[in-house]
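Same order as they appear, the protein sequences are chains A and B.
For the first sequence, the numbering used here begins at 24 and goes up steadily by one.
For the second sequence, the numbering used here begins at 24 and goes up steadily by one.
Since the hints were made in silico from the structure, they are not lab data.
Among these hints, one or two may not hold up.
Note that the list lumps identical chains together, so a pair holds whenever it fits in one copy or between two copies.
[Stated by the list, open to error] Keeping only pairs whose Cα atoms sit at most 25 Å apart, straight-line, the calculated DSS-like set for lysine-lysine is:
{"id": "1", "residue 1": "Lys28", "residue 2": "Lys119"}
{"id": "2", "residue 1": "Lys187", "residue 2": "Lys208"}
{"id": "3", "residue 1": "Lys121", "residue 2": "Lys106"}
{"id": "4", "residue 1": "Lys87", "residue 2": "Lys106"}
Number of protein chains: 2
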Amino acid sequence: MLNTKRIQSAQARMKQQGIDAYLILTHDDYIYFFGEDRYQPRAVIPAEGVPIVVTFTGEEAEVKESLGVEDVRVFGSVGQQIKDVVQVMRGMMGEKEKLTIGVQMWFSTPAFLLNMFQRANPFVNVVDIAPVMDELRMIKDASEISLMQRAAEIAGIGMETAVKTLRAGITENEVAAEVEYAMRKSGGHGVATPVFVNSGIRSGWLHGTASDKVIEEGDFVVLDLVPRYKGYCANLCRTFVIGTPSAKQVEMFETYKDAQAAGRAALRPGAKMRDIDAIAKKVFTENGYGEFYVAGISHSIGLGFEETPAPTIHPGDSGIQICDGMTVTVGHPVLSVPGTGGVRLEDTFHISEGKAQPLTVFPSELV
Amino acid sequence: MLNTKRIQSAQARMKQQGIDAYLILTHDDYIYFFGEDRYQPRAVIPAEGVPIVVTFTGEEAEVKESLGVEDVRVFGSVGQQIKDVVQVMRGMMGEKEKLTIGVQMWFSTPAFLLNMFQRANPFVNVVDIAPVMDELRMIKDASEISLMQRAAEIAGIGMETAVKTLRAGITENEVAAEVEYAMRKSGGHGVATPVFVNSGIRSGWLHGTASDKVIEEGDFVVLDLVPRYKGYCANLCRTFVIGTPSAKQVEMFETYKDAQAAGRAALRPGAKMRDIDAIAKKVFTENGYGEFYVAGISHSIGLGFEETPAPTIHPGDSGIQICDGMTVTVGHPVLSVPGTGGVRLEDTFHISEGKAQPLTVFPSELV
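Start from the sequences and build out the full structure, keeping to the hints where you can.
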């Protein structure tokens, strides 16, 4: 069902920013406003008036019923879908000479689609919708927290399965299969990033995948899970060693654990994103790992796996202040030491009552 | 290992097109040239000389060993990664005032990254790399066909699992869990699109997902699978009815089956993409379903789930001629009839020795 309160908040901000309408092309904001998802989310929220959903003819009845939106435009082909959007734009023109339309400028807005849209609508001035949406999405309401809590539980079930499955001789991909399956079976709706199972030399990767590499005795294994529940994500990452860890492996692991704990303790309303980073970096440096530290220990999470503030992507976000209602991870970058491998521990927190309450719960043990 | 032959073919085409270098930002072309994948594929292929890979410090040793690329630039932060790319660009300038850089303009090149790239490199003229890559990637070599064959086998295993799992009372998401698991266990490396399990009213969707909806007696269930094997996709879609189908359901199913067969028979070197569409549409029209037909029965497939020619996305591609070596699906659009639901049957074919040889093999039976 359409969330009227959220739509009104967005409309108020659109008016402040001089944006005539928000053209939704991505899953996250479609879910945010309409409470459900579809493969091709297409909608227009004007600064004033009712939202317009653009959908395939075969989905019309169901869209009307499940969203409660009156103004549903239907298309029967790709060409018609584009024409529908243009028509909606023209209908909004009224006396105006130019329309200012907000679009999300993040990973899932393809460059070529935006170019096509601009060519088809020469009277439209496209702007980034971030100044409208970031403030809204940064602060989670109770219903969002409960969905993220569920995603966090599912991540915990995935990690438990990983611990049961991990042994020397199994491939990364076999571990990923079991983890993915356990998360789906416990109610998860897929993953926001592929399940990472990075072992041995691959544990040093900045990001990961699961490959056909066989996991060996003595390998560091980094497991990073970001399941979704009704669109919402939780991020849980742990690092294990198969067999007996070396002194160096233990040292790296303990250093990461200390840095994560220090970062979490600093995660309070009033602190800036960069403060968390500085505190974590200090721990790495004191332990002799300063040169291997990759900036960006924290990022916000919700309908997006990495969303504003995400200094991990937009360095400018490091000046954003933490406040109650945010959901933030601590432990994003890998501590990668050539010759030994990599360690990461990441958890998702809800800033509430002045401190960071964990959403993901799983012991951090190396073996 | 770096595929020298493919790099040379691309370089020859780049020179013809006046493109100084191809900046790779996407998985498909990275795999195409380097034979392996990483989470952030970043490389530059100059029109002349050796390719340059840009990677995270912790991945350097492994990249050098596995790719055999000499020129590897390493970064330790997001900011540095951007600087590295700028530096590579500047290094290529020589006496030139402007550089022409090709970038892939498809779904996975985000609008904001391209904008950032252009702002950071004002001396660069960005062009679409399609005129270089499309011709190369359209025609598959033997090694590509064998990877797609493997992906097709995995899709078959997934569909077999679906048939075993489907029953009234189970949710779409539970079916997706079993199918995804079976495909991973049999060697698949994840999926190119989420496993679609669309039942009842949802079977009429143009595209799909798997939801918590319970599958009921009499439901149409559309199952669409696109597993990946080493980056390569195969697409297999089937529609089932739980219990006894209605006469209308049987009629829709048989019509789709006939249209798919007619499309396949027409899939020969010399025919154009639009011919396949016209023939399929004729069958739908003769059976009284013309008004429900959505154009685009065929698209190419390979490292991309939908790649050129893809009239399903770019209507202009419908003029492209089919030739030996292509891999194409037949059966893309859903036949969606309000009140009854939707039917789709899709298979992947290899055009070889003048006709369409099936890669995916699975019986088309409604019950």
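Quiz item: What are the numbers of the hints the structure violates, in ascending order?
Solution: 1
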